[in-house]
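Heads up: the protein sequence lines correspond to chains A and B, in order. Heads up: the first sequence begins at 1 in the working numbering, then just goes up one per residue. Heads up: the second sequence begins at 1001 in the working numbering, then just goes up one per residue.
Source of the hints: derived by calculation from the structure; they are not laboratory data. Each hint should be verified, as a subset may be incorrect.
Some chain A residues judged to face chain B by a derived CB distance under 10 Å, without partners named [what the hints assert, rightly or not]:
id : residue
1  : Ser-28
2  : Asn-30
3  : Asn-31
4  : Tyr-35
5  : Leu-101
Ideal Cβ placement from N, Cα and C applies to all residues, glycine included.
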Amino acid sequence: SQQGEEDPQALSIQEGENATMNCSYKTSINNLQWYRQNSGRGLVHLILIRSNEREKHSGRLRVTLDTSKKSSSLLITASRAADTASYFCATVFITGGGNKLTFGTGTQLKVEL
Amino acid sequence: DGGITQSPKYLFRKEGQNVTLSCEQNLNHDAMYWYRQDPGQGLRLIYYSQIVNDFQKGDIAEGYSVSREKKESFPLTVTSAQKNPTAFYLCASSRTGANYNEQFFGPGTRLTVL
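Bound conformation, chain A alone (with noise of 0.2 Å):
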């Protein structure tokens, strides 16, 4: 079963604004990663925070994370037109080695000129 689910589904804004994206999980995780598909193509990874960060940057992306509350975010800042997506959290498990993905079910992000 999916344990990640996403808010908002979707997501139009004009280009220069920010998005937030959050993302709600149900068991303890090892870390959890936020990824980008543009539509029709495979995902390509954003970023990952372990369960004992709170708060990391990437470029023009920031995302925290609650343990306690079972919950992370997604910021896109000056978002652009080239920001359009859809926007999926993914948490993981280790597993003896391998590393399962449990993914949420999306925010679709559109960025208006």
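Position chain B relative to chain A; hints supplied.
Using the frame of chain A, we list chain B on its own:
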């Protein structure tokens, strides 16, 4: 050029036929994964393999089969037992171990059952 390739990009099959989707990686990753994605949904894990000649069922393995005879290759067979096979299939690979969690994805194969 390192990466993951999937072929074909589009695949059509008739009901009752088995079909095999190809996935090859040259990233020297030990672990490989197959996911299914339905419209507007996240990814669901079908099978995964952490090492050659070994694989485990994911959340939705019924109607699918895999093999892992080589490190570089992890083909997925969609059998006639799969009740609703039309979907977008994604293959991924990763290193193994606690510090290597990022998965690298192929471009996907869109399967349509006619």
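Exercise. Against chain B, run the beta carbon of A/Tyr-35 and see if the smallest gap drops under 10 Å.
Key: This hint holds: A/Tyr-35 lies near chain B, its Cβ roughly 8 Å from the closest one there, short of 10 Å.
Practice problem: For the hint on A/Ser-28, just tell me whether its beta-carbon gets within less than 10 Å of chain B. | Solution: violated, 15 Å
Quiz item: Regarding the hint that A/Asn-31 lies at the interface with chain B, is the smallest CB-CB distance below 10 Å?
Solution: Nearest chain B Cβ about 6 Å off; hint holds.
Self-check item: Interface hint compliance - A/Leu-101 to chain B, C-beta minimum distance less than 10 Å
Solution: holds, 6 Å
Quiz item: Holds or violated: is the Cβ of A/Asn-30 closer than 10 Å to a Cβ in chain B?
Solution: holds, 7 Å
Comparing the model with each earlier hint shows a violation of hint 1 alone; every other hint is respected.
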